[in-house]
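Engineer: Residue numbers (the working numbering), protein chains in the order written: chain A, 1 to 112; chain B, 1 to 116.
Just so you know, these hints were derived from the structure itself, not from any lab.
Not close to chain A: a few residues of chain B, all C-beta gaps over 12 Å, as computed:
no.: 1; residue: V11
no.: 2; residue: T17
no.: 3; residue: Q29
no.: 4; residue: G53
no.: 5; residue: E63
no.: 6; residue: D65
no.: 7; residue: K66
no.: 8; residue: N70
no.: 9; residue: S83
no.: 10; residue: D88
no.: 11; residue: T116
One-sided excerpt, in silico: chain A residues whose CB lies under 10 Å from chain B:
no.: 12; residue: Q37
no.: 13; residue: R41
no.: 14; residue: G42
no.: 15; residue: D92
no.: 16; residue: G97
no.: 17; residue: G98
no.: 18; residue: L100
no.: 19; residue: Q104
no.: 20; residue: E107
For lysine to any residue, the following SDA-like pairs were computed, each having C-alpha atoms within a straight-line distance of at most 25 Å:
no.: 21; chain 1: B; residue 1: K66; chain 2: A; residue 2: G97
no.: 22; chain 1: B; residue 1: K20; chain 2: A; residue 2: G42
no.: 23; chain 1: B; residue 1: K14; chain 2: A; residue 2: R41
no.: 24; chain 1: B; residue 1: K41; chain 2: A; residue 2: S73
no.: 25; chain 1: B; residue 1: K66; chain 2: A; residue 2: G42
no.: 26; chain 1: B; residue 1: K20; chain 2: B; residue 2: H85
no.: 27; chain 1: B; residue 1: K41; chain 2: A; residue 2: S71
no.: 28; chain 1: A; residue 1: K26; chain 2: B; residue 2: Q42
no.: 29; chain 1: A; residue 1: K70; chain 2: A; residue 2: N95
no.: 30; chain 1: B; residue 1: K41; chain 2: A; residue 2: L11
no.: 31; chain 1: B; residue 1: K41; chain 2: A; residue 2: L75
no.: 32; chain 1: B; residue 1: K41; chain 2: A; residue 2: P112
no.: 33; chain 1: B; residue 1: K41; chain 2: A; residue 2: S109
no.: 34; chain 1: A; residue 1: K26; chain 2: B; residue 2: F39
no.: 35; chain 1: B; residue 1: K41; chain 2: A; residue 2: S39
no.: 36; chain 1: B; residue 1: K64; chain 2: A; residue 2: N95
no.: 37; chain 1: A; residue 1: K111; chain 2: B; residue 2: Q42
no.: 38; chain 1: B; residue 1: K41; chain 2: A; residue 2: P8
no.: 39; chain 1: B; residue 1: K41; chain 2: A; residue 2: E15
no.: 40; chain 1: A; residue 1: K56; chain 2: B; residue 2: A2
The C-beta atom is built at its ideal place from N, Cα and C for all residues, glycine as well.
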Amino acid sequence: SQQGEEDPQALSIQEGENATMNCSYKTSINNLQWYRQNSGRGLVHLILIRSNEREKHSGRLRVTLDTSKKSSSLLITASRAADTASYFCATDFYNQGGKLIFGQGTELSVKP
Amino acid sequence: GAVVSQHPSRVICKSGTSVKIECRSLDFQATTMFWYRQFPKQSLMLMATSNEGSKATYEQGVEKDKFLINHASLTLSTLTVTSAHPEDSSFYICSAQPGTGAYEQYFGPGTRLTVT
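With the rest of the complex left out, here is chain A (with noise of 0.2 Å):
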């Protein structure tokens, strides 16, 4: 299976604290990208990171992918608890049209 996995399933932290959650993948890809859901809702957009790209931050989100270890990492600083959500990490690969395959997801819960 192409399909990630992420770890850990479940996080729980207090607001101010920093999240970390991890992503591994199977093959080469072209890009990772990570998403973010709230319970029942479509899913949001967060970032992209491009195979020849080491690291990328947006705002509070920082984005680590390592090739070679065939992994990323996504850290959000300063969490508060409107980050409350589940998050996806998703890759798509050379000549796959661009279809996405998503690894497991992180459940993130941030105490206020």
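We have chain A already, so just place chain B on it with the hints.
Structural biologist: Below, chain B without anything else, positioned relative to chain A:
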């Protein structure tokens, strides 16, 4: 920009009936649309890739006769769940990809299907 809508947002149907879900790109043309399903507390599973004007490509294990996909225009794809069973109850999400060669996908808000 890049808004994708789905209709309906929620639907309840009886076993044995068919239900159609629409996915529309509102402000761009989408040569490719994707359909996913998501069970509670699980990830999104790709069901099929839908290209405008051609037959959909289904992922392994997805019954094409049960999940009919039509992509008749550059802004509309439909998923019809035929002869629905309770195990088809799920959250169905579509995404649309602009035909610009880029790989960005824009996701719809999802449709909650409950089969009784």
